[in-house]
Amino acid sequence: MKDITKMSDDFDRWYTDVVRKAELADWSGVRGMMVVRPYGWAMWEAIQRAFDDMIKESGHENWAFPLLIPRELLVKEAEHIEGFGPEVAWVTKAGAAMEELEEPLAVRPTSETIIGHIIRRYIQSHRDLPKLTNQWNSVVRWEMRSRLFLRSREFWWQEGHTFHASAKEAIEEADLILGYYRSVAEDWLAVPVLVGKKSPAETFPGAVHTLTLEGLMRDGLALQMGTSHYFGQNFARAYDISFSNKDNERELCYSTSWGISTRMVGAIVMAHGDDSGLIVPPKVAPVQVVVVPIFRDDASRAKVEAFINQWSPQLKQHGIRFRVDWRDERPGDKYAHWELKGVPLRLNVGARDVDAAQVELVDRLSRERRALLVSGIATALTSELERFQKRLFERAQEYQRANTVELGTLDEVVSHFRSRGGFAWVEWCGDEAEEARLKADSGGVTIRTIDEHAKPSGKCFVCGQPAKYRVALAKAY
RNA sequence: CGGGGAGUAGCGCAGCCCGGUAGCGCACUUGACUGGGGGUCAAGUGGUCGCGGGUUCAAAUCCCGCCUCCCCGACCA
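The opening residue of the first sequence carries number -17 in our numbering; numbering runs sequentially from there.
One or more hints might be untrue.
Stated by the list, open to error - 25 Å max Cα-Cα, derived PhoX-like pairs, lysine-lysine:
1) Lys179 x Lys150
2) Lys421 x Lys457
3) Lys179 x Lys3
Claimed, not checked - Here are the simulated distance ranges between beta carbons:
4) Glu154 x Glu81: 44 to 52 Å
5) Glu125 x Gly77: 25 to 33 Å
6) Val12 x Arg283: 42 to 50 Å
Treat the hints as calculated values from the structure; they're not laboratory data. Yeah, the Cβ is synthetic: ideal placement off N, Cα and C, and Gly gets one too.
Given the sequences, and given the hints that come with them, work out the whole structure.
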């Protein structure tokens, strides 16, 4: 409990310590396969609810598509299979005798191919469009190196797949979802993000363009927190997904796909945590308020318990997720325990407080203690939670601001990232060879996103020719 | 997937070189004292020594194969 590695000593160990000791997740014993424990899964459930509500509101429907994909289907879209080929796991045998299958089945690394193949049945007319599908599932990618939540061979996500009658509508769909993702990251997780387009080198295999959101973690590395892809007619062509348009002509659909994953939970850890453990944004916190009763004998325990019972039902009525920690531990242990778990607000309640009709409120960010009268406590805590959410976001914003710079040349970029992390904005001509050179020369700095709204007026940071794009650079997970 | 290290109680480790009763700290259980920031004392529980095979009278220890984990690199939501 006490022995989490200090963040400043070794960020990676700190991360692993926090994830495991705060009981978010664990390794399973099968290489790269993670166990998400209830406390971590509860955060994912909060994210799921938030995003699911958003997409339902705009007419999306949840489906369940198959786990296994025939090889012939997977390989139809050339770029797609080229991109995913190296990390696909195959089922080649079945039954007690392990008989060889006639056709190997891929365990889905993502479902564009199988959904494309299936959805074409349900699309005949422009009246069947748009078809807005989503599924909550897990996928398998045969990664060589794994980290809890950030890179495991199986991970949980949602994958949305939509089909439209026009390019414009599909492009708007990808934009709409990106906006939802931004809201999940900023409004729910309190992690400020850069949003924009990926460079060609980082674009999803088979996509026309990929939109991304990039958060900044406390070790200065960027984390891709979600992507939304516009496919044009690429997948519709490969899987023959067409419809009769208003002029009764056959036309290929325009499609999109988009996903956010349990990686989001890793982002919460790395964007907000400190040497004492997690700090969980109230909106996704499994426990928002923890009550630590303080007593020394049966009589004082009864007194404190009766007091807590007076006002705690109000918290429930106000929808506050709270817990009273009656475990037989000392208060100091409980404080440390709930700090490790990142619970935003703690109420210490002892006999003195009972007499004063108040509780002692301690928040996870400042750790300051102050008295809070129990009259109107639920309303007060609700606004404290809102304020906590806001403070956490502002703190992360300030961190992002303090770790974002503007640079002019490749030399500056290389030397800057030798000693620091964070984001660096530069202007770029768009040449892909230069993007590769950036990565090689700088030891892994990549273009995280392109600012779609900026109109560059300067020179490319690599070649000095007139720039076309303003791009954010960072080292990333 | 390359290079290095490791697997012995829930966690951290010693024992292995030189084969012969499986140990230590923390945690856990019970009790007493204690209780507003990580307690004290006492008595206890807990082990297919990662898995499979081999050598041997005898294997945690020696040999072979496999699995898993950690660190460093190349690839990645």
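| said: Which constraints among the numbered hints does this structure fail? Numbers only, ascending. | reply: 3
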